[in-house]
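Visitor: Each chain, letter by letter, is given below.
There are 2 protein chains.
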Amino acid sequence: MVRLTMLTPADALDLILRNQAAFPAETCALTQAHGRVLRADIRADRDLPPFNRVTMDGYALRSSAVAAGLRTFRVGAVQAAGMRPADLGSAPDACVEIMTGAMLPAGADCVVPYEETTKLNDAITLNPEYQVAAGQSVHARGSDFAAGALIVAKGCRITAREIAVAASCGCATLSVSRLPKIAVVGTGDELVEVDAIVAPHQVRRSNDYALRAALIAAGYPQVERFHLHDMKHEIEHQVWHILAEFDVVLLTGGVSKGKFDYLPEVLEALGVKKIFHGVAQRPGKPFWFGLGPRQVSVFALPGNPVSAYTCLHRYALPALAHASRQNAVGPRRVRLAETFVFKAPLACLLPVKLTVNDTGDQIAVPRPTNTSGDFSSLVGTDGFVELPADQTEFPAGTIANFWSWA
Amino acid sequence: MVRLTMLTPADALDLILRNQAAFPAETCALTQAHGRVLRADIRADRDLPPFNRVTMDGYALRSSAVAAGLRTFRVGAVQAAGMRPADLGSAPDACVEIMTGAMLPAGADCVVPYEETTKLNDAITLNPEYQVAAGQSVHARGSDFAAGALIVAKGCRITAREIAVAASCGCATLSVSRLPKIAVVGTGDELVEVDAIVAPHQVRRSNDYALRAALIAAGYPQVERFHLHDMKHEIEHQVWHILAEFDVVLLTGGVSKGKFDYLPEVLEALGVKKIFHGVAQRPGKPFWFGLGPRQVSVFALPGNPVSAYTCLHRYALPALAHASRQNAVGPRRVRLAETFVFKAPLACLLPVKLTVNDTGDQIAVPRPTNTSGDFSSLVGTDGFVELPADQTEFPAGTIANFWSWA
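Protein chains in written order, with the numbering used here: chain W, 10 to 415; chain H, 10 to 415.
Simulated from the structure, these hints should not be mistaken for laboratory data.
Bear in mind the structure is a predicted one, so any value in this text is a computation, not a measurement.
Check the hints yourself; a few may be wrong.
Straight-line distance between alpha carbons at most 30 Å, and here's what the computed DSS-like set of lysine-lysine pairs gives [claimed, not checked]:
1) Lys268/H - Lys294/H
2) Lys283/H - Lys128/W
3) Lys128/H - Lys294/W
4) Lys128/H - Lys268/W
5) Lys266/W - Lys128/W
6) Lys190/W - Lys283/W
7) Lys128/W - Lys241/H
8) Lys190/W - Lys294/W
9) Lys163/H - Lys362/W
10) Lys362/H - Lys352/H
11) Lys128/H - Lys266/W
12) Lys294/H - Lys128/W
13) Lys268/H - Lys128/W
14) Lys128/W - Lys352/H
15) Lys163/H - Lys266/H
Please model the complete structure; the sequences and the hints are all you need to start from.
Guide: Below is the structure:
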């Protein structure tokens, strides 16, 4: 039995989150706010709705007049949405022809839709036995929110709904978290660019493409890609520049026990303080995390594509969300569709495909990767589950925490 | 009992989809491909992995030599990832010090990791009782995919995983669906811009903001917003220009029975062929759909924010996906968390909040909106379920189709 002295994934994430300073807040035009993290509450600037709003096309009148037996009303005015409200006047048989979205005229308390009336010249008659109650077809002022009420709390990632609410409340700009500048740095002499001629012993760069695309999908579009060769001097020189320019640095490769795995040594020499090296997990055991000058977070991920991609989602994306002061969203819980056996005394980060069966239950089908070498094994998966280290057999039906790919 | 002569939502969508011509395919740089719809399969250009790839740092040797009793090996070379493969030579006790990602040297068939060896000068000795099998710590050439094999089928929306696979296979560009130019056109005299001074009887524009943001989130970033007043001449003039310039037009408001609901009439006068007007649903009953010149799809949605937003997701987004030739993804099935009663003989498009309980079951909590007037009622919802028209009570546990907000 191997003694576990390494961190668990949860402990590792905890250490990372404790070292995340908040990204500053900044102001952003409403049309640019989609996907950003909101830093100030959105409150109703007026009652919502701001007035007694008509919800049907028809005639506004007094329900008390109908209750008293009146069936025919004289049409005094036509009021479209956006017009100043008409006045019903004092005659009990007065009504106003009115459109959806208009403000209810003073004196009226309900709207009778066109289809419940017959019109003759300037008068309408209600259909036989038609009854009407006060408030009918009227969305009452303040019935959704009173002026000043909290509608959207800070800390959410802004969607179309929050943008629409902000527009309704007159927010032409919003306070959001500043977007971090992120460097994605691949290392490894075996890697060539996608459009280069590839020798039989070489492979093409893919980690930097994958991490960049996932970061953009997660709401962090300011990503630059770099590639470094396995030469200590080159790595030192380039990483020094990168640390000076970026807020977050993600490196892949160079953190294992190989002869040319210079990264931990180089990072510490450049003043990046190691927080930990190694997590009791597979894939991703050699994961290294440190803090550089200006509190720059440095995630040195293993070079294997599945390892790097999984660690991005388990550690770096939650760290970015935390630094953006996004409200924490815990992992979802899903059920394993099949029994899975994992013998190493490590947490298993297992790619899965989610399926919802006909009864609405969500089940996770294991999609173990053949080593962690290739992205091709992740096509068709939705994310990964984490299976704890202290167990080796996970029967079908086991409930596990699930993280979705970005 | 009201007789249903209107289309059901499923029939309406079917009519819309039958009228969607494919957007043309175009070539896109790999770094720009995220979120686009793939129009040509991605196949392995070489075996994957392309060579017998070492997966641990250690020593490459012959497993047969260990089986024959040999425990000490002479280190002949060091081979890093990206180096041309060394040759093991013919001596049974030969080994090569080798790094993760390197190509297995000719003659070797396995790798012994560092931690299972002791090194003395130029020789290593295996730990007592350590055994090794052919293929150990080697990811065999072609074991994931053979050259020419299909890895990603066309019709998917491209994520980080597909980008990484494309990079591995040497695709510097991808064939994707061209992005449609979409016009989002609000109508209504009651609406003012978000930064304008708002009179008590006016409200601020929010539909165009919401629809634009949702379209961008769904992968259609080329969206322009317009606003038209309820004047027939202005509407005619502007819509004429919009029809000439855009591939898809989404209008909100002006399709009900009100006196100033000019849109259906104007659209037909401008040569937009009506496919239908009205769907047996709430919200969204007055929804109008037609085909303009150049097969432009014209979605004239009701002006109520919840109606417009729901119809966007039920009809316009599936139509855009279909025209992009994205593989159809049916709605998910979820269970209602609570009993819901809906008496109108119409399909009910009901906003819900999804929750996954501790056993991994997904349940949908109804969040009925107070009329369909405000986006504030959609904050915190995840999408909507569709409850069929022929039933009025939907007990807790009812299984319903669920559409997620973009």
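Visitor: Hints first: check each against the structure and report whether it holds.
Guide: Cross-check of the supplied hints:
Only pairs whose Cα atoms come within 30 Å are accepted, and Lys268/H paired with Lys294/H is accepted, the gap being roughly 17 Å. The hinted pair formed by Lys283/H and Lys128/W meets the criterion: a straight-line CA distance of about 29 Å does not exceed 30 Å. Note on Lys128/H and Lys294/W: the hinted pairing holds, with a Cα-Cα distance of about 24 Å set against a maximum of 30 Å. A threshold of 30 Å between alpha carbons decides the hint, and for Lys128/H with Lys268/W the separation of about 14 Å falls inside it, so the pair holds.
Taken as a hint, the Lys266/W and Lys128/W pair is broken in the structure, with Cα atoms around 88 Å apart against an allowance of 30 Å. For a cut-off of 30 Å, the pair hint linking Lys190/W to Lys283/W stands: about 21 Å separates their Cα positions. The suggested pairing of Lys128/W with Lys241/H holds, with an alpha-carbon distance near 24 Å, which does not exceed 30 Å. For the proposed pair Lys190/W and Lys294/W, the alpha carbon gap of about 27 Å is at most 30 Å, so the pair holds.
The hinted pair formed by Lys163/H and Lys362/W meets the criterion: a straight-line CA distance of about 19 Å does not exceed 30 Å. Restraint check for Lys362/H and Lys352/H: the C-alpha separation of about 22 Å stays at or below 30 Å, so the hint holds. Simply put, Lys128/H and Lys266/W have alpha-carbon atoms about 15 Å apart, close enough for the 30 Å limit, and the pair holds. The hinted pair formed by Lys294/H and Lys128/W meets the criterion: a straight-line CA distance of about 24 Å does not exceed 30 Å.
Between Lys268/H and Lys128/W the CA atoms are separated by roughly 14 Å; this keeps the pair inside 30 Å, and the hint holds. This hinted pair checks out: Lys128/W and Lys352/H have alpha carbons roughly 29 Å apart, not beyond 30 Å. Between Lys163/H and Lys266/H the CA atoms are separated by roughly 44 Å; this puts the pair beyond 30 Å, and the hint is violated.
Hint compliance for this structure: hints 5 and 15 are not met, and every other hint is.
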